[in-house]
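Visitor: The residues making up each chain are set out below.
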Amino acid sequence: MNKKKVISLVVRYSVYGLVALFFFWAIRNHYFDYIFTESSTFWHLIKQHLQLVLVSSVLALLIAIPGGILVTRKSFRRAEWVVSNTVNLGQTIPSLAVLALMISILGIGFKTAVFALFIYSLLPMYRNTVAGIDSIDENLIDAARGMGMKPVQILFRIELPNAAYSILAGVRTAIVLNIGTAALAYVVGGGGLGVWIFTGIQLFDNGYLISGAIPVTLLAIFVDYLLRLLERLIVPEGSKPPQEM
Amino acid sequence: MITFDKTTKTYEGNVTAVKGVDFTVEKGEIVVLLGPSGCGKTTLLRMVNRLESISEGKITIDGQDSMSLNQTALRRKIGYVIQSNGLFPNMTIEENTMIVPDLLGWSKKEKKERFHKLMEMIGLSGEKFGKRYPHELSGGQQQRIGVIRALAADPPVMLMDEPFGALDPIIREKIQDEFLQIQKEVKKTILFVSHDIDEAIKMADKIVLLRGGELMQYDTPSEMLVRPKNEFVREFFGKDRAIKSLSLHTIEDLRDMIGLAEFDDAIADTKTINVNHDLRNTLSMLLNQEADQVIVSDDDGNKLGAITIDIVQQYLHYEIKAKPAPVLEGV
Ligand SMILES: Nc1ncnc2c1ncn2[C@@H]1O[C@H](COP(=O)(O)OP(=O)(O)O)[C@@H](O)[C@H]1O
Ligand SMILES: [Mg+2]
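Chains A and B supply the protein sequences, listed in that same order. Numbering follows our numbering, in which position 102 of the first sequence is assigned residue number 102; successive positions increment by one, without gaps. Numbering follows our numbering, in which position 192 of the second sequence is assigned residue number 1192; successive positions increment by one, without gaps.
Among these hints, one or two may not hold up.
[Stated by the list, open to error] Which bits of chain A does chain B cover? Going by a derived footprint, with three or more residues having C-beta under 8 angstroms, they are:
no.	stretch
1	134-140
2	148-154
3	226-239
What the hints contain is simulated information worked out from the structure, not anything from laboratory work. A virtual CB, placed ideally from N, CA and C, is assigned to each residue, including glycine.
Put together the whole structure using the sequences plus the hints.
Guide: Structure (structure tokens):
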């Protein structure tokens, strides 16, 4: 127990040290300068990046969570494998194939990028919604029905609160991944911080590369933190997994 | 009052779980559904609050056909307790307990008062436990909350499916006693599922013994022990059923019938036992100790006499084996 603690502390502070060292090195070499010399472009790219993430995540949220709820209704149970397999299939199609297909339909630009990100956010959200609701003890639902709760009351008072932890974990995973993946939007002309990252790669310019990549990373870490806070607020006290209480 | 009228349940795939069962549960009585696993106890119970549909026949509650009633309203008027307690982990104990009152639209004040009253009944502090979550309670406490939750809106009828089945024997005994005490006050009409013969004998005013979905015998526990209707009932209660029936009688009954022995002051450390103890426990106490007598005392501690294995045996012979239909007192 104590040994574990020591090791985890050592690892943690070594990582912090390396990160600090990296920033020291990057700043000394003026690799962050573009953020200040081209600050209007920088803010424009950040805004685009956030728009890509926000629009695609919200769309995915609006489809995946109601979809997961619908599929776990008793009358829809039989359809579940059809839906799950369709969603899984969507995930296995190579990204490039999806992109190629979308470019031919929506053309190049923001829309295509959003669509691709939307598709890739669906699965983790959908799967965690279904898993969260499925993991609720059948006896609880039985007790609720036996006490005269109506299906809608069971959904909102029992199922969703008890599945909240799993659902929100899916949402968080999807959004954080989404922030990283959105850097690829550049490839289909979707803009975002990927523009600088790819420019940096093409021109062998560490400045562009780092001024693009580091903000994406920090954004992902920050959003992950925010969503964890949100989880703590939303998930009911009694339904949190034991280690977090 | 609940009446089963040729009630039958056939599941999909042609499993007939309950076959034409006829019996009536009188108001204020505990009827225990007893029988081996898979004999249809749970199915029969769940047809009452329509968690299972009725395939044939009907169930009437206070004279009304259950199918003619609104399903939701019906369920809110029937307390339901299950073995795994069914407490909702996302709600506090107070919220859990007050679900049905909440569904019925009680005011905050009414709910609070009711909660504290119910907690008092099971000897737990409403202040202390109200804001806690189910996982912070012991198994026994959780199950007791499950019971008062079913009582919360004061339903006339209770359905209990092996409510104490998951508890360890010592706690189970205590909760059974506590529940019988509560029942004396609240006088609910109760259907109680059990697969445990001792529990059935202890809890039941009457027992429904089922086999393969068919009703084998519907009688008081003592009647069933003494006069089993068929070979199945006889075998089900086993060879020691005469001894089991001792738990239906107290030392007081024995004293009224054949009297106690003189006690011998010369024997030192003899144990004392209250006159209201049942004879089965008394017998095991006699068998488990060195002395061949135990002193019987009343509630005030006055020594009334002594009891020995011989006397219990005499009583067993005259009162239980010889007498055709013993009265059901002290259950
Ligand atoms: N939902 C169901 N579908 C099909 N058969 C069932 C279902 N529930 C119970 N059964 C069958 O009905 C019979 C009675 O089951 P049950 O009422 O649970 O018995 P008990 O409670 O006495 O153990 C068993 O043979 C069981 O397999
Ligand atoms: Mg059962």
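Visitor: A separate judgement is required for each hint: does it hold in the structure or not?
Guide: A quick look at each hint next to the structure:
no.: 1; hint: 134-140; in the structure: holds (count 3)
no.: 2; hint: 148-154; in the structure: holds (count 4)
no.: 3; hint: 226-239; in the structure: holds (count 4)
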